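Participant: In order, the protein sequence lines correspond to chains A and B. The first sequence runs 46 to 679 under this note's numbering. The second sequence runs 15 to 105 under this note's numbering.
It is worth saying that the hints were derived from the structure and are not from the lab. Among the hints, a few may not be true.
Covered stretches of chain B (chain A as the covering partner; in silico rule of three or more C-beta atoms under 8 Å from a C-beta of chain A) [said to hold, decoys possible]: (1) 73 to 81; (2) 91 to 98.
With a straight-line Cα cutoff of 30 Å, these simulated DSS-like cross-link-like pairs (lysine-lysine) come out [what the hints assert, rightly or not]: (3) A/Lys526 / B/Lys77; (4) A/Lys644 / A/Lys464; (5) A/Lys203 / A/Lys354; (6) B/Lys53 / B/Lys77; (7) B/Lys20 / A/Lys330; (8) B/Lys70 / B/Lys60; (9) B/Lys60 / A/Lys526; (10) A/Lys330 / A/Lys345; (11) B/Lys70 / A/Lys526; (12) A/Lys641 / A/Lys591; (13) A/Lys262 / A/Lys53; (14) A/Lys641 / A/Lys464; (15) B/Lys39 / B/Lys83; (16) A/Lys62 / A/Lys250; (17) B/Lys83 / A/Lys539; (18) A/Lys591 / A/Lys90; (19) B/Lys20 / B/Lys70; (20) A/Lys675 / A/Lys90; (21) A/Lys539 / B/Lys70; (22) A/Lys68 / A/Lys591; (23) A/Lys526 / B/Lys83; (24) B/Lys70 / A/Lys330; (25) B/Lys77 / B/Lys20; (26) B/Lys77 / A/Lys539; (27) A/Lys53 / A/Lys675; (28) A/Lys53 / A/Lys68.
All values derive from a computational prediction rather than experimental measurement. Each residue gets a CB set at the ideal place from its N, CA and C atoms; glycine is no exception.
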Amino acid sequence: MTYGYHGKILRVDLTEKRIWVEKQDESFFRFYMGGGALGAHYVCKNVRPGTHAFAPENIMVFCGSVITGAPVAGFSRHSVTGISPLTGGIADSEAGGYWGRALKEAGFDAVVIEGRSPEPVYLLIDDGDVEIKDAGHIWGRDTGETQDMIWRENDDEKIRVLGIGPAGENEVYFACIVSELKHFHGRGGHGAVMGSKNLKAIAVKGDKFPPLADQEKVQEIARNFAGRYMDFDYTRVLREIGTSAGISFQNYSGQLPTHNWQTGCFPGAQEISGETMMEEIGEDKGGCFACPVRCKVSVKASKPYPISKRYGGPEYESLASLGSYTGVSNLYAVAKANELCNRYGLDTISTGGVIAFAMDCYENGLLTDEDTGGLELKFGSGRVLLDLIEMIARQEGIGHLLAQGTKKAAESIGGEAKKLAVHCKGLEFPAHEPRVKKSLALAYGTAPIGADHMASEHDFSNTPETPAPIVQRLWPLGISKPLSAQDLGPAKVKFFYYTHILYSVFNSLDTCIFCMAPLKPLGLQELVDAVRAVTGWDMSLWELMKVGERRLQMMRVFNCLAGLDESQDALPPRMFEPLQGGETHGMAISPEEYEKALKLYYDMAGWDSEGIPRYSKLVELDLEWVEGLKERSG
Amino acid sequence: MRVKVKFLLPFDDMSSKETVMDLEKGADVRALIEKLSCKFPEKEAKNKLMIDEELKVMVLINKRPGNMKTELAHGDEVVFCPVFSGGNCHD
Ligand code: SF4
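Let the sequences and hints guide you as you build the complete structure.
Facilitator: Printed below as a string of structure tokens:
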């Protein structure tokens with residue numbers, strides 16, 4: 046008897062149209078648990094490092110974890126793992142909502158997709174029955190129409206649909222996967238991989254949720270959360286206006302990335318702030334399975350652009366990337382841009398990032414009117430922002446160049462363009478400033494997927510000015526020394542190292558960080574207790590941390606063999622240039638301090654001086670088998 | 015002396031988002047909180063800002079992080095806000 050999970054992996058070969066079920070035993074699930082760890086296991090076992098993201102040999106692993114779908118706040122997410130077109134390495138990406146629970150209700154813990162269908166298809170998983178269905182008539186439709194058509198032809202509006210829009214079909218390198226129109230596997234371009242496989246959607250439903258080991262305890266943890274979450278300021282903010290609240294704070298403190306990361310102060314911040322958005326176009330709130338926080342805001346407008354609330358509303362990241370990165374302060378243009386990204390299936394962060402890069406190139410004469418087809422790519426133009434999104438999604442005109450992502454676009458433009466390209470490993474920067482919160486330099490530089498803001502705890506959770514009750518919540522990890530956000534010394538490296546593993550636990554359990562310690566209600570011991578109650582295992586924080594480490598080390602070995610060597614841990618040149626204006630004026634990272642921190646981190650993580658995981662580290666984590674990848678990659 | 019106090023959420027139920035407070039010369043952040051509590055007793059400022067005699071939110075004085083003992087000066091801008099870390103659902 047298994048609790049919380051089925052022990053069943055659904056395998057689908059789209060080339061051969063073959064479907065089979067693979068069983069994995071308890072020790073497998075205890076070792077890999079789910080999310081990116083389970084995904085990385087399948088990628089490492091089945092894909093040769095160096096395989097192109099769009100090759101049929103690349104696979105996609107969709108899964109939650111052993112605890113996904115248990116009725117506790119934040120246990121709702123699911124992941125997709127595979128090779129990213131942006132980085133050429135392995136990447137995972139999580140989304141919230143209800144799909145993760147629904148997959149388990151449909152009878153499976155994970156779906157592993159391989160091959161490429163000769164014609165467009167979608168996958169229907171209905172209470173244990175699996176069918177590859179024709180999607181020729183849906184191909185070309187946006188994400189909303191896709192969901193509607195699948196609902197209609199199956200005569201069921203309760204089917205949970207995740208799928209791609211035209212951007213994924215057109216293999217835009219940063220196309221995302223959209224789950225129920227409001228939840229996104231945004232980062233890494235997995236939507237393009239789905240497009241390359243001619244897989245339009247995966248629709249799931251069922252009634253087979255596995256039993257929980259200790260139902261009462263699970264309910265107690267959920268009740269505790271519900272009774273306490275409003276005591277946490279951050280969670281209250283989320284409850285009131287969602288992540289969009291971040292715009293005001295980030296701008297106030299000089300950390301809102303503006304004009305392609307030239308400054309942290311955006312004169313138009315007030316216009317695109319969460320407060321203004323709520324007042325002018327905020328429509329309703331929603332969220333994810335079993336979570337009382339309901340942090341997701343939907344927006345609606347009719348003029349000057351019609352904006353449908355079906356596609357949710359912009360989060361902090363989207364307001365910043367589509368707004369302050371590009372200098373666009375017209376709230377309606379930014380909200381429309383967000384809606385277009387969600388309909389076409391584009392990651393808002395990379396979309397805003399690559400457009401801001403193009404604007405910077407244009408203003409510096411690196412892109413001319415001839416290149417842009419007469420479009421004036423000036424910072425601040427909402428019209429240009431919207432036009433470019435259309436062109437990127439269709440790979441038209443200058444959109445074709447930008448659809449490859451910032452890194453490749455900079456290589457094509459040549460000259461000084463590389464200096465303006467703000468990415469790590471090919472993934473555009475999310476809206477958190479490493480020149481202010483310096484542990485993020487290590488996170489962006491070394492996280493397996495590229496510049497990832499969800500890879501570790503940010504510095505302000507542990508500064509001398511951080512309220513003691515928050516700092517103390519990191520003590521169970523062995524972090525007790527508050528450090529300035531500007532510090533990138535040895536103790537900060539340790540802070541990053543430990544919290545990077547912790548976040549990897551969150552990624553392997555597919556839990557929502559908006560519910561987790563240190564800033565949010567669910568404490569680390571409570572998380573352990575919840576895993577115990579759901580699975581019946583005598584789990585400890587130590588064992589969970591090892592799962593998190595396993596995910597990171599598998600991904601690192603895979604990436605090293607895929608050619609992402611230590612040069613790929615470099616920061617973009619802009620991070621070494623001082624921020625201009627405002628409270629953070631002059632802040633920069635020095636190449637020497639970064640290099641020193643990076644080398645210390647390699648050593649701490651069990652990597653050699655070139656950043657390759659040592660054999661001893663792999664043995665310690667029972668990952669010797671990953672060494673076998675070397676032969677396959679040769 | 016006079017300082018400007020702002021609440022960057024979630025102090026929506028405080029009487030206003032921005033208020034001006036008159037304090038004794040040399041007063042620190044703790045004194046300011048005491049004064050806020052007197053001015054708005056029904057809003058329980060103390061409970062919202064402190065726990066066990068410690069700050070439970072961040073305080074920024076003229077945009078720089080401060081603490082309970084940071085001395086205030088005439089014209090200062092004091093902002094109380096939650097620790098805003100990272101995160102986004104567009105993951
Ligand atoms: S906090 Fe928000 S994103 Fe996280 S589970 Fe709850 S509703 Fe979803």
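Participant: Check the hint pairing B/Lys77 with A/Lys539 against an upper bound of 30 Å on the C-alpha distance.
Facilitator: 28 Å, holds
Participant: Decide if the proposed pair is consistent with the structure: A/Lys203 and A/Lys354, CA atoms, cutoff 30 Å inclusive.
Facilitator: Distance ~19 Å between A/Lys203 and A/Lys354 Cα, so the pair holds.
Participant: Would the pair A/Lys539 and B/Lys70 pass a check requiring their Cα atoms to be no farther apart than 30 Å?
Facilitator: 25 Å, holds
Participant: Within 30 Å, alpha carbon to alpha carbon, are B/Lys20 and A/Lys330?
Facilitator: 26 Å, holds
Participant: Given the hint that B/Lys70 pairs with A/Lys330, does the C-alpha gap stay at or below 30 Å?
Facilitator: Judged against 30 Å, a Cα distance of about 27 Å means the pair holds.
Participant: Given the hinted pair B/Lys39 and B/Lys83, is their alpha-carbon gap at most 30 Å?
Facilitator: Answer holds: B/Lys39 to B/Lys83 is near 14 Å, not above 30 Å.
Participant: Take the C-alpha atoms of B/Lys70 and B/Lys60, compute the straight-line distance between them, and say whether it is at most 30 Å.
Facilitator: 10 Å, holds
Participant: Given the hinted pair B/Lys53 and B/Lys77, is their Cα-Cα distance within 30 Å?
Facilitator: Holds, at roughly 24 Å.
Participant: Going straight from one Cα to the other, do A/Lys53 and A/Lys675 come out at no more than 30 Å?
Facilitator: Holds: A/Lys53 and A/Lys675 sit about 29 Å apart, inside 30 Å.
Participant: Mind checking the alpha carbons of A/Lys641 and A/Lys464 for me, to see if they're no more than 30 Å apart?
Facilitator: This hinted pair holds, its Cα atoms lying about 22 Å apart.
Participant: Holds or violated: A/Lys526 and B/Lys77, Cα atoms, limit 30 Å.
Facilitator: Status holds; Cα separation ~23 Å.
Participant: Given the hint that B/Lys70 pairs with A/Lys526, does the C-alpha gap stay at or below 30 Å?
Facilitator: 18 Å, holds
When the structure is compared with the earlier hints, no violation turns up for any of them.
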